[in-house]
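Protein chains: 10
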Amino acid sequence: MLFAVQMTVNLPPGMDPEVRASTIAAEKEYAQRLQCAGEWLHLWRCAGRYSNLSVFDVVDNDRLNDILWGLPLFPYMDVTVTALARHPSAVR
Amino acid sequence: MLFAVQMTVNLPPGMDPEVRASTIAAEKEYAQRLQCAGEWLHLWRCAGRYSNLSVFDVVDNDRLNDILWGLPLFPYMDVTVTALARHPSAVR
Amino acid sequence: MLFAVQMTVNLPPGMDPEVRASTIAAEKEYAQRLQCAGEWLHLWRCAGRYSNLSVFDVVDNDRLNDILWGLPLFPYMDVTVTALARHPSAVR
Amino acid sequence: MLFAVQMTVNLPPGMDPEVRASTIAAEKEYAQRLQCAGEWLHLWRCAGRYSNLSVFDVVDNDRLNDILWGLPLFPYMDVTVTALARHPSAVR
Amino acid sequence: MLFAVQMTVNLPPGMDPEVRASTIAAEKEYAQRLQCAGEWLHLWRCAGRYSNLSVFDVVDNDRLNDILWGLPLFPYMDVTVTALARHPSAVR
Amino acid sequence: MLFAVQMTVNLPPGMDPEVRASTIAAEKEYAQRLQCAGEWLHLWRCAGRYSNLSVFDVVDNDRLNDILWGLPLFPYMDVTVTALARHPSAVR
Amino acid sequence: MLFAVQMTVNLPPGMDPEVRASTIAAEKEYAQRLQCAGEWLHLWRCAGRYSNLSVFDVVDNDRLNDILWGLPLFPYMDVTVTALARHPSAVR
Amino acid sequence: MLFAVQMTVNLPPGMDPEVRASTIAAEKEYAQRLQCAGEWLHLWRCAGRYSNLSVFDVVDNDRLNDILWGLPLFPYMDVTVTALARHPSAVR
Amino acid sequence: MLFAVQMTVNLPPGMDPEVRASTIAAEKEYAQRLQCAGEWLHLWRCAGRYSNLSVFDVVDNDRLNDILWGLPLFPYMDVTVTALARHPSAVR
Amino acid sequence: MLFAVQMTVNLPPGMDPEVRASTIAAEKEYAQRLQCAGEWLHLWRCAGRYSNLSVFDVVDNDRLNDILWGLPLFPYMDVTVTALARHPSAVR
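Protein chains in written order, with full-length UniProt numbering: chain A, 1 to 92; chain B, 1 to 92; chain C, 1 to 92; chain D, 1 to 92; chain E, 1 to 92; chain F, 1 to 92; chain G, 1 to 92; chain H, 1 to 92; chain I, 1 to 92; chain J, 1 to 92.
The set of hints was computed from the structure by calculation and includes no laboratory data.
Certain hints may be false.
[To be verified] Calculated cross-link-like contacts (lysine to aspartate or glutamate; reagent style EDC-like; alpha-carbon spacing at most 20 Å): (1) Lys-28(D) / Glu-18(D); (2) Lys-28(J) / Asp-62(I); (3) Lys-28(F) / Glu-18(D); (4) Lys-28(A) / Asp-66(J); (5) Lys-28(J) / Asp-78(J); (6) Lys-28(C) / Asp-62(E); (7) Lys-28(G) / Asp-78(G); (8) Lys-28(C) / Asp-66(E).
[Unchecked claim] If you want a taste of the chain B side facing chain J, the calculated C-beta under 7 Å gives, among others: (9) Met-1; (10) Glu-27; (11) Asn-61; (12) Asp-62; (13) Asn-65; (14) Val-81; (15) Ala-83; (16) Ala-85; (17) Arg-86.
Even glycine gets a Cβ: it sits at the ideal position worked out from N, Cα and C.
Bound-form chain A, shown alone (with noise of 0.2 Å):
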């Protein structure tokens, strides 16, 4: 079941350097391991904008939910969620 995720992040100003690189890393470890296990499926940036589009494929919501949860950036983010089905004019 697949869903669009908008995430956009918002780090505070005052942040410490080191929490924050090393949120970020385990961000981007977190991303890559479900993106190879095939539920996140699309990632992308969104030009000029620290936002990213994302497209899951997901066995229900509260998997959704645990997945989003789980982000390392999680606190810092306003996120929307938008439920995908099928377009009767899809090919695929």
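Please arrange chains B, C, D, E, F, G, H, I and J on chain A, whose structure you already have, making use of the hints.
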């Protein structure tokens, strides 16, 4: 080059049923041709709304503009365009 | 899988009274059938507005999309969809 | 009398971890007590966000206000309240 | 139980003048009857706009909903409802 | 002359508890004095939010401005002001 | 007493040209009469938009409301009203 | 003096095709004449939308207002105007 | 050339009282000097808010920009600028 | 390929003055280098606001993203990106 496009359709209440049907049919044929050609990469329905989320792979902004203006439903659409870039955490 | 759906109805001022009445009657019959079938779990009126808050229990996003597109009043509705997950503080 | 309430939590980045943990624990205990008492009828997580959708069954507006002001996380919440009425198409 | 209600009226430009006049007359009669009955506590014009701010004193949400749906101008209104509670600093 | 005023309070998370308590106490005393004087006509809590809806009866805009700027919580408030006029359907 | 008023005009596309012309002419005459009378203090065009920014000097809210409701273009206007007070840094 | 202007066109669905074609042709001729005269400095299409971003170089606000009100498509446009000044980091 | 400018001030809660007082005093002196010079034509308080509505009469956009950037409170302001033109119904 | 970019800067009130000055100096140097290189085509100040409107001419979305993320003030900016296409009425 990738662009995320959200299209929301607002058909006028008093639209002639035949014009409506033929426009929707033309839209479907147009969408499928561009998907087969590889320019319309993804086409998802936003569940429960007359709206889709699409991803286009085009050579430049002018081509994107031509494709969207060519949509049979374009006069009835609200469109938002987001330029996408490679994400540093993307595995592909 | 649960989804909260808010539907706001905007009937055009000049709508034919018979079409209006029959559409509303069909909507009621449709809503009651799905409630009895267990997919339309809750249906509340937002007090003082032509709007409802509903909760659906469906197998997946595609089924939710089919149900909402099948609403007789769908062409006149603004719809928002929120995917719901189990809350860690919920007792049930 | 039913009210839909959406609560969105914004914890300040620099919050003391112990205060944070104890406030969240107190919130959980508070929410479960009111659910068992029958006043907090439904509690759902909005998937992927630090937000919930709840339905309360209370005797009046004052009681609703007291319950929400009593939430341990109340100082960190954005709250919206929607008064619900019986829907003419509801089967229950 | 008190509710603040803001009603904004949007009459369609091509409305039949007689229907318009009779609807407005019916609205006035309806509003005055409910004021005399004590349920429509306050009715103020928002200066310079086709909008009013009202306060209702009703037994419950269902009654509020019935009153507002019964307004002759209801099909032309945008309505917002705010549940009011006793303020700890109020002297009355 | 009547004005509807909505005040929403945003106290900073790290506010000193004593300053906070004394400011809120001063606010209460200020509100009650003006209510007794007849200038602060109504004061209602918006249920479930740190927000109130008030109606003021003042001689002119300057007096309204002085009253609101004098609120002990004014530096922490978002304020909206709506000038009210007599409604043609009001019975009083 | 001063009020800033922004009026934005939305004439329906299919408006009868004569009605349109006579309404605009009546609006001009109305605006000039009130300016000469001293109640319509300032009238500026917001450059490039069918919108004006005006300042009125009236005895009270009721008079402001009467003036604005009397505008020949009032049924086609979006209006915002801002009560103005003396600024402590104003030299006049 | 420079101004950025965004114009978004909303043609009514039922517009007469000939009026539509002649209005668009007049708009093009008008735009090209002002570009050649040097007052309409830049004209870009916002990709995928019936909207343009333009920069005007005019002697004053009145001239900008006259140009925009003279646009054949003006009655169908939403217009936003931003006054531009020299940027301290600009090299030209 | 006239511009309407709305300035809304947001002073940070923890601002040093002396810095605050001296900044506000400098702002007042700055505003009065420009009013006397004839460039700051009008200065009104938006009643009940830390906000003003001003009208400036300047030679061009660059001068307007310099004046606003020079405001001692500029770093704490949200500013909106509206270019004003002569209104065809204005008597002056 | 052209993109319009609006950048709005929000420097935190308590920013260290030296860091602030050096960041702004680095921003200026960065902006001028890219203007000389031909990728930053236009840079205008939005009059009276800490905001600019820029036009970039880049080979693709990835290059635009790299440029914007490289801005020394990027962590303090709100950025909006609009893909531009050739306008059919443009003379150049």
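Indices of hints not satisfied (ascending):
3, 10
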